[in-house]
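Protein chains: 2
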Amino acid sequence: MDKQRVIIYGCGIMGRRAAEALADKESFVIVGAVDIDPELVGKDLGILFSSPRETGILIENDADTLFARTDADAVVLTTSSHLKTVMPQIKQCIDAGLNIVSTCEELSYPWKRSPELAEEVDNWAKETGVTVVGTGINPGYLMDSLPLTLTAPCLKVDSIRVTRMMNSALRRIPFQKKVGTSMTPDEFQQKIQDGIITGHVGLLESIYMIADGLGWELDQATELPPEAVIAEADTETGFGTIKPGDVIGLKSVAHAEKAGQTVITLEFIANAGVKEEYDEIFVKGIPNIHEKILGGVHGDTGTVAVTINTIPKAIEAVPGLKLMSEIPSPAATL
Amino acid sequence: MDKQRVIIYGCGIMGRRAAEALADKESFVIVGAVDIDPELVGKDLGILFSSPRETGILIENDADTLFARTDADAVVLTTSSHLKTVMPQIKQCIDAGLNIVSTCEELSYPWKRSPELAEEVDNWAKETGVTVVGTGINPGYLMDSLPLTLTAPCLKVDSIRVTRMMNSALRRIPFQKKVGTSMTPDEFQQKIQDGIITGHVGLLESIYMIADGLGWELDQATELPPEAVIAEADTETGFGTIKPGDVIGLKSVAHAEKAGQTVITLEFIANAGVKEEYDEIFVKGIPNIHEKILGGVHGDTGTVAVTINTIPKAIEAVPGLKLMSEIPSPAATL
Numbered sequence: 001m002d003k004q005r006v007i008i009y010g011c012g013i014m015g016r017r018a019a020e021a022l023a024d025k026e027s028f029v030i031v032g033a034v035d036i037d038p039e040l041v042g043k044d045l046g047i048l049f050s051s052p053r054e055t056g057i058l059i060e061n062d063a064d065t066l067f068a069r070t071d072a073d074a075v076v077l078t079t080s081s082h083l084k085t086v087m088p089q090i091k092q093c094i095d096a097g098l099n100i101v102s103t104c105e106e107l108s109y110p111w112k113r114s115p116e117l118a119e120e121v122d123n124w125a126k127e128t129g130v131t132v133v134g135t136g137i138n139p140g141y142l143m144d145s146l147p148l149t150l151t152a153p154c155l156k157v158d159s160i161r162v163t164r165m166m167n168s169a170l171r172r173i174p175f176q177k178k179v180g181t182s183m184t185p186d187e188f189q190q191k192i193q194d195g196i197i198t199g200h201v202g203l204l205e206s207i208y209m210i211a212d213g214l215g216w217e218l219d220q221a222t223e224l225p226p227e228a229v230i231a232e233a234d235t236e237t238g239f240g241t242i243k244p245g246d247v248i249g250l251k252s253v254a255h256a257e258k259a260g261q262t263v264i265t266l267e268f269i270a271n272a273g274v275k276e277e278y279d280e281i282f283v284k285g286i287p288n289i290h291e292k293i294l295g296g297v298h299g300d301t302g303t304v305a306v307t308i309n310t311i312p313k314a315i316e317a318v319p320g321l322k323l324m325s326e327i328p329s330p331a332a333t334l
Numbered sequence: 001m002d003k004q005r006v007i008i009y010g011c012g013i014m015g016r017r018a019a020e021a022l023a024d025k026e027s028f029v030i031v032g033a034v035d036i037d038p039e040l041v042g043k044d045l046g047i048l049f050s051s052p053r054e055t056g057i058l059i060e061n062d063a064d065t066l067f068a069r070t071d072a073d074a075v076v077l078t079t080s081s082h083l084k085t086v087m088p089q090i091k092q093c094i095d096a097g098l099n100i101v102s103t104c105e106e107l108s109y110p111w112k113r114s115p116e117l118a119e120e121v122d123n124w125a126k127e128t129g130v131t132v133v134g135t136g137i138n139p140g141y142l143m144d145s146l147p148l149t150l151t152a153p154c155l156k157v158d159s160i161r162v163t164r165m166m167n168s169a170l171r172r173i174p175f176q177k178k179v180g181t182s183m184t185p186d187e188f189q190q191k192i193q194d195g196i197i198t199g200h201v202g203l204l205e206s207i208y209m210i211a212d213g214l215g216w217e218l219d220q221a222t223e224l225p226p227e228a229v230i231a232e233a234d235t236e237t238g239f240g241t242i243k244p245g246d247v248i249g250l251k252s253v254a255h256a257e258k259a260g261q262t263v264i265t266l267e268f269i270a271n272a273g274v275k276e277e278y279d280e281i282f283v284k285g286i287p288n289i290h291e292k293i294l295g296g297v298h299g300d301t302g303t304v305a306v307t308i309n310t311i312p313k314a315i316e317a318v319p320g321l322k323l324m325s326e327i328p329s330p331a332a333t334l
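Which chain is which? The protein sequence lines are A and B, in order. Sequential numbering from 1 applies to the first sequence in this note's numbering. Sequential numbering from 1 applies to the second sequence in this note's numbering.
Just so you know, not all the hints are guaranteed correct.
Under 7 Å between C-beta atoms, here's a sample of chain B residues computed to sit facing chain A [stated by the list, open to error]: (1) Leu148; (2) Gly215; (3) Leu218; (4) Ala332.
Rough simulated footprint, nothing fancy, chain A against chain B, three-plus residues with beta-carbon under 8 Å [said to hold, decoys possible]: (5) 177-191; (6) 242-253; (7) 289-298.
Please keep in mind that the hints were generated in silico from the structure rather than gathered at the bench. Glycine included, every Cβ here is placed at the ideal spot set by N, Cα and C.
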């Protein structure tokens with residue numbers, strides 16, 4: 001088997017998890033790693049793994065130098081959620097002729113919020129003959145490309161509702177913090193106002209991808225401010241026991257209207273009070289499709305898996321900036 | 001919107017249902033229809049619809065003549081389950097520069113049972129620059145391309161089990177007959193031996209597509225003879241009430257082994273005793289993915305929808321014989 005040669009760009013939590021997963025697979029080989037954090041530069045990538053090991057790949061801070069001397073097929077780019085921030089890095093990769101699979105949430109559907117940047121990336125990629133894809137569990141899969149796939153057996157679709165129901169107490173501490181765990185309701189509101197709690201990044205991107213895939217012209221798409229979920233009884237979390245009245249997580253909702261009707265509703269519910277985890281898709285149409293992933297899909301593992309499983313599809317795809325709905329679905333790689 | 005111009009090749013049950021669904025959509029226009037049945041030739045295609053109407057499209061018996069004078073993008077080919085039978089028709093369409101979406105079950109994964117024919121179709125299609133896809137609800141979607149899509153969030157897959165659980169009493173009479181309804185167990189066995197009851201066509205194609213998508217080398221794939229399901233109590237069917245001891249449908253199972261382990265199991269269960277219909281996928285791996293479509297997907301509607309929703313994807317795809325796992329997933333069309 002010809003191994004696909006991958007460079008890790010960004011060695012934060014997602015980059016290092018993707019790297020460890022790639023290192024465990026027979027169909028990939030990591031040929032370089034980049035991060036600008038002085039604490040990381042010069043160290044072996046493998047010390048960042050959950051099972052640390054020597055990989056022989058030293059983290060470098062200059063991507064251009066690495067790209068110039070390295071034969072690679074693709075880059076896993078995990079440096080930021082924001083397209084504007086990753087634009088210079090995307091340009092570096094494209095100039096080096098490297099396909100890009102990125103967890104940058106805004107890259108999953110950039111045509112609405114940042115059409116000029118999307119156009120720029122698309123043109124660069126086509127000129128150099130590479131493919132650029134933004135992906136992850138969500139946006140990228142559970143709340144957009146998978147719901148679209150589930151409309152394949154429908155003659156007609158009236159509306160789509162997707163619910164991601166997660167018990168945040170089962171997730172890592174930074175995630176629990178991000179959803180407001182252990183705050184008072186006032187603190188939560190303040191953090192919303194200060195833009196520190198933002199809910200889930202990517203709900204609007206998912207709405208735009210669904211609408212695009214169904215050929216729908218939306219009147220509007222709206223992401224509501226996250227709502228605090230309040231403990232009704234003592235609730236165990238990563239921050240200890242939360243007393244009734246304090247925050248155990250949040251609920252984020254986004255919806256879109258077409259011809260005056262709500263046609264897309266996305267609910268992201270993450271709090272320590274959730275008893276049954278699941279990911280649910282309800283397509284109202286001819287016929288209705290009611291789908292459920294029992295137990296749900298773990299966000300971090302799912303994002304890492306979707307990202308690395310997308311690498312071969314990005315390498316094979318026709319050049320340009322592609323949506324997950326525009327390339328063959330990834331499947332588990334060896 | 002530029003309508004996609006479609007020719008209906010084969011005006012049997014699937015062809016006429018696909019035609020009616022296309023006629024109801026704004027993104028397609030039917031520009032011709034072919035069938036060799038003298039009873040149908042010369043008649044308006046619309047008289048075959050469940051809501052009969054005049055379409056202005058007369059059914060013709062000579063595809064070549066129709067293709068020569070008609071500007072079309074794609075053909076919906078529904079003449080046979082067997083690749084050998086449809087080969088001359090595929091050649092006609094390809095020679096006329098037409099993309100093909102076909103319900104021919106063997107075309108969904110022809111590389112194992114008919115590698116020479118598959119190669120021939122692939123070469124023809126590439127030479128003329130068209131795409132050929134075999135699809136339908138199953139094979140084509142529920143038991144192969146959808147399970148593959150559900151492995152996208154997996155770092156590793158050990159095995160896949162897919163169960164299609166249908167209440168055949170809710171299906172059309174020919175289907176109820178096909179699954180043995182109202183026979184005695186001896187009659188059922190005789191019809192199996194005579195090759196009249198064949199179970200579900202396409203289980204092996206689905207297994208091959210899954211293995212291909214996961215890069216698995218199978219030791220073997222086996223389709224077991226269908227088992228009769230016997231009434232335990234009076235059971236209502238399209239053939240009236242079936243008494244205990246007689247047949248109310250069947251169960252078909254196929255499985256595949258890799259390195260001595262069963263890694264793929266497909267179960268197609270269709271009988272009048274089924275209380276809860278569903279389509280279920282269980283991926284054992286890291287993580288496990290347990291997915292269920294509650295209520296299941298109706299086979300005829302699903303096949304029609306998947307087929308016509310695949311038309312735009314086939315038109316856009318790179319030329320050649322493509323598997324459903326090799327093109328972007330269809331989504332509901334307008």
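Minimum beta-carbon distance criterion (7 Å), Leu148/B to chain A: Since chain A brings a Cβ to about 4 Å from Leu148/B, closer than 7 Å, the hint holds.
Assertion that chain A covers the region 289-298 of chain B - criterion: three or more residues, beta-carbon distance below 8 Å: Coverage by chain A holds here, the residue count being 9 at a Cβ distance below 8 Å.
Within 8 Å of chain A's CB atoms, at least three CB atoms from the region 242-253 of chain B: coverage verdict: violated (count 0)
Interface hint outcome for Gly215/B [beta carbon to chain A under 7 Å]: This interface hint holds because 5 Å falls under the 7 Å limit.
Hint status (Cβ of Leu218/B to nearest Cβ of chain A, threshold 7 Å): The hint is violated - Leu218/B has no Cβ within 7 Å of chain A, the shortest such distance being about 14 Å.
Outcome, coverage of the region 177-191 of chain B by chain A - at least 3 residues whose beta-carbon is closer than 8 Å to one in that chain: That given contact is violated, which follows from only 0 residues of the region 177-191 of chain B lying within Cβ reach (below 8 Å) of chain A.
Hint check, Ala332/B versus chain A [nearest Cβ-Cβ separation less than 7 Å]: Check passed: Cβ of Ala332/B comes within 4 Å of chain A, closer than 7 Å.
In the structure shown, a violation is registered for the earlier hints numbered 3, 5 and 6, in ascending order.
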